[in-house]
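*Asks:* Single-letter residue listing:
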Amino acid sequence: MVENVKELIKAHEGIKHEVYLDNENSTIVPTEIIEKMLPYYNKQAYGNPTLTHKPGWEAFETIMDSAQKIAKFIGAKILEEITFTPGATEANNLALMGSVFSKKDSGKKIVISEIEPIDVLHVSDMLKKFGFSTIKIPVDNEGFINLEKLKEAVDKETVLVSIAAVNNEIGTIQPVKEAVKIVKDKNPDTLFHTEASDAYGRVRLDVRDLNVDMATINSYKILGPRGIGALYTKEELKIERIIEGQIGTQKLWPGIENTPLIVGFTKASELTFKDFESNIDHIKRLRDRLMKGIFENLSEVKLNGSKNDKRAPDNLNISILRCEGEALTIELSLRGVYVSSGSACSRRLLQPSHVLVAIGRKFSEAHGSILMKTTRLHTKEDITYVLEELPIAVNRIRGIVGSTGVD
Amino acid sequence: MSRIPLPYSQKVIDLFRNPKNQGRMEKPTVTAVAGNPACGDMITFYMKINDQEIIEKITFESYGCAANIATASIVTEMIKGLILKDTWKELTWKKVAEEVGGLPSVKFHCGILAVGAVKRAIRKYYQQKGLIPSWIPQKLTFEEKQALEEEELAEKLSKK
Chain H
0 MVENVKELIK
10 AHEGIKHEVY
20 LDNENSTIVP
30 TEIIEKMLPY
40 YNKQAYGNPT
50 LTHKPGWEAF
60 ETIMDSAQKI
70 AKFIGAKILE
80 EITFTPGATE
90 ANNLALMGSV
100 FSKKDSGKKI
110 VISEIEPIDV
120 LHVSDMLKKF
130 GFSTIKIPVD
140 NEGFINLEKL
150 KEAVDKETVL
160 VSIAAVNNEI
170 GTIQPVKEAV
180 KIVKDKNPDT
190 LFHTEASDAY
200 GRVRLDVRDL
210 NVDMATINSY
220 KILGPRGIGA
230 LYTKEELKIE
240 RIIEGQIGTQ
250 KLWPGIENTP
260 LIVGFTKASE
270 LTFKDFESNI
280 DHIKRLRDRL
290 MKGIFENLSE
300 VKLNGSKNDK
310 RAPDNLNISI
320 LRCEGEALTI
330 ELSLRGVYVS
340 SGSACSRRLL
350 QPSHVLVAIG
360 RKFSEAHGSI
370 LMKTTRLHTK
380 EDITYVLEEL
390 PIAVNRIRGI
400 VGSTGVD
Chain R
0 MSRIPLPYSQ
10 KVIDLFRNPK
20 NQGRMEKPTV
30 TAVAGNPACG
40 DMITFYMKIN
50 DQEIIEKITF
60 ESYGCAANIA
70 TASIVTEMIK
80 GLILKDTWKE
90 LTWKKVAEEV
100 GGLPSVKFHC
110 GILAVGAVKR
120 AIRKYYQQKG
130 LIPSWIPQKL
140 TFEEKQALEE
150 EELAEKLSKK
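So the sequence lines, in the order shown, correspond to chains H and R. For the first sequence, numbering that gives the first Met the number 0 assigns the number 0 to the initial residue and increments by one for each residue that follows. For the second sequence, numbering that gives the first Met the number 0 assigns the number 0 to the initial residue and increments by one for each residue that follows.
If you're looking for bench data, these hints aren't it; they were derived computationally from the structure. Note that beta-carbon positions come from the ideal geometry of N, C-alpha and C, so glycine has one too. Don't take every hint at face value.
From the structure, some residues in chain R lie toward chain H, with a derived Cβ separation under 8 Å [what the hints assert, rightly or not]: (1) Phe15; (2) Gln21; (3) Gly22; (4) Met24; (5) Cys38; (6) Glu60; (7) Ile68; (8) Leu90; (9) Ala153.
Next comes chain H alone, as it looks inside the complex (with noise of 0.2 Å):
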């Protein structure tokens, strides 16, 4: 098998331009960020940071001046409402699992969102072993959720609300502050999470205006390094600890921290917000150019999510009918263009991605989908690139179709 893979690589050989627009995936890492992370290695504050010598105080230091920083990029009051995870998989178990277990008195029901990300679904529906039900909130055909069934969904005995911030798939850019408003004056109890890691960067993201209890960012998706993510936890809040071992810093993740990745993670937020509007409106326009340039250059194209500007500036996914995802994402690959497409092969059928279901699309059109996120580091000779290859890409696949995959 890793055979034919290598195999697979070697036939990408002569490629003209490379560019990654599957940052919704994984990132490129920019290289001033691994210079920062380095010396932690095996220069400074590379001791276990609970214990009393110089490496230990220093990453102490360094932890605690990272957490620091990043509440104040959130809008958090304290450094102790940030919790580093190995990311926001980690990030978004510890934020359910953990608060519904230390609620589990009050009630049993967690609210969520037909489209919120996998990790959140998958808890979630783990949770029902524990005696959890759950209720999803449909959305429209953009993706906004059904704020008027989400307040006949939450009770007396909903323990949480967990909606993202923005959608990872579509973009969409939920109206939390209403949300949480809704959630909170029908129970004041109910504790309010959101998966942020798509708005982090991205949009405005406020922990404390928004008034939301728990909130998940992630390194990986403003191109720090993966393996790191962060949980807010409102100052007042108790939740439980979801894995037991050493107990090191932080009171709710155990197990010694990763100083260099927590450092790659804080640089890669320090970029992010040093420029954030120059760095916004970068984004938006190659994302823009994008978007137009695929709809000028291909026909039976339908965008998924929101056209206006409740759109998240990154993202762009978009169907192509006539075209199956998967075929295109290696069609593009061996012209060095990467995206993801929105259904995954199982067993039997394409999956087509429940996030495109749920705002309509029916599943050819769900497998003709890919995404791609711009980052500030494309530049507008990247998008010409991707502009030039993928209607040849497109159309050298519809033309295997023919008159076949007509729906």
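We have chain H already, so just place chain R on it with the hints.
*Replies:* Only chain R this time, still in chain H's reference frame:
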């Protein structure tokens, strides 16, 4: 459960890049389709069959992943020039998978669908003639049944 990138063989990628016998055929003797757009997996075969019941010409169109395109393409090469009876008896999805240098297990169904489409075409050919030979069982074969199940499942799920 785990997930890995699809480790397609060199042969699958070669056929994906340069499919053989691709395209619609004018005035075929028989046409058969398997799969549908909701499956994300769909193949059409066009066949020209001569009086000796030999597949003289065969082309395909395909909506699907790289494995779908590669298996459809290899099938056209495997059965071109064969007599229908031999095709029916000898063509199996396992042989198709072997011919493309192996398929990832999640893609076995692509080979099954391609063979299902061929068997449908042959069955249809004799049905059109109104003379079904004894070597074609009344009951659907494994691949035909699988193709039908896949279509029904996708249809059902997409209507939910």
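*Asks:* Can you give the numbers of the hints that this structure goes against, from lowest to highest?
*Replies:* 4, 8
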